[in-house]
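Colleague: According to the working numbering, the sequence shown is numbered sequentially starting from 45.
Hints are computed from structural coordinates only; laboratory data are not their basis. Be aware that a few hints might be false.
No farther apart than 25 Å at their CA atoms in a straight line, the calculated lysine-lysine pairs in the DSS-like style are these [what the hints assert, rightly or not]:
#1 141 with 127
#2 141 with 158
#3 102 with 118
#4 102 with 127
#5 141 with 102
#6 118 with 151
#7 118 with 141
#8 127 with 151
#9 158 with 118
#10 158 with 127
#11 141 with 151
#12 102 with 151
#13 158 with 102
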Amino acid sequence: MKVNSIILEYFSHHKCNTKLPAKGSQQNPRLFLCNFLAQPCEGDLQGLITQCGVYVQKGGPRMDPSQGCCNVIKSIDIPCVCKYISRVIEEVIDMDKVVHVADFCGKPLTHGMKCGSYIVPRAG
Numbered sequence: 045m046k047v048n049s050i051i052l053e054y055f056s057h058h059k060c061n062t063k064l065p066a067k068g069s070q071q072n073p074r075l076f077l078c079n080f081l082a083q084p085c086e087g088d089l090q091g092l093i094t095q096c097g098v099y100v101q102k103g104g105p106r107m108d109p110s111q112g113c114c115n116v117i118k119s120i121d122i123p124c125v126c127k128y129i130s131r132v133i134e135e136v137i138d139m140d141k142v143v144h145v146a147d148f149c150g151k152p153l154t155h156g157m158k159c160g161s162y163i164v165p166r167a168g
């Protein structure tokens, strides 16, 4: 299921439950996205999903992001956001595309940085 369709479907039918699940519990992508939006990271987290989701979703070709996506990326505290990327969300997004989008927008992820379970490889 595409990132944006998960968000639109969830938010059109539910309110966010901001209570985080117990560590190690199973969590569906809709609940994770809602919890993700409740995190204390600086920047427009909802914009990150709605403006950039299409550029980082699994499947399809790697594309350069829009200016709107880059504007959001520039406002985001990426190390903070990376702390809240779970395996559930990694089932929906392509972390190599995340690295590409951040780099294209002028906020490259540092080699060796951990984002979710993903470790950013050397450029090249």
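Colleague: Now tell me, hint by hint, if it's right for this structure.
Modeller: How the hints compare with the structure:
About 18 Å separates the Cα atoms of residue 141 and residue 127, which keeps this hinted pair within 25 Å; it holds. Between residue 141 and residue 158 the alpha-carbon distance is near 15 Å, which keeps this suggested pair within the 25 Å criterion. Restraint check for residue 102 and residue 118: satisfied, since their Cα atoms lie roughly 22 Å apart, inside the 25 Å limit. For a cut-off of 25 Å, the pair hint linking residue 102 to residue 127 stands: about 20 Å separates their Cα positions.
Distance restraint check for residue 141 and residue 102: the Cα-Cα separation of roughly 8 Å lies within the 25 Å cut-off, and the hinted pair is therefore satisfied. For the hint linking residue 118 to residue 151, the alpha-carbon distance of about 7 Å falls within 25 Å, and the restraint holds. As the CA atoms of residue 118 and residue 141 are separated by approximately 16 Å, the hinted pair is consistent with the 25 Å bound. About 17 Å separates the Cα atoms of residue 127 and residue 151, which keeps this hinted pair within 25 Å; it holds.
At most 25 Å may separate the alpha-carbon atoms for a hinted pair to count; residue 158 and residue 118 meet this at roughly 19 Å. Between the alpha carbons of residue 158 and residue 127 the distance comes to roughly 8 Å, so the proposed pair stays at or under 25 Å and holds. Distance check on the hinted pair: residue 141 and residue 151 sit about 13 Å apart at the alpha-carbon level, within 25 Å; holds. About 21 Å separates the Cα atoms of residue 102 and residue 151, which keeps this hinted pair within 25 Å; it holds.
Distance hint between residue 158 and residue 102 is fulfilled; the C-alpha atoms sit about 19 Å from each other, no more than 25 Å.
The structure is consistent with each of the numbered hints, conforming to all of them.
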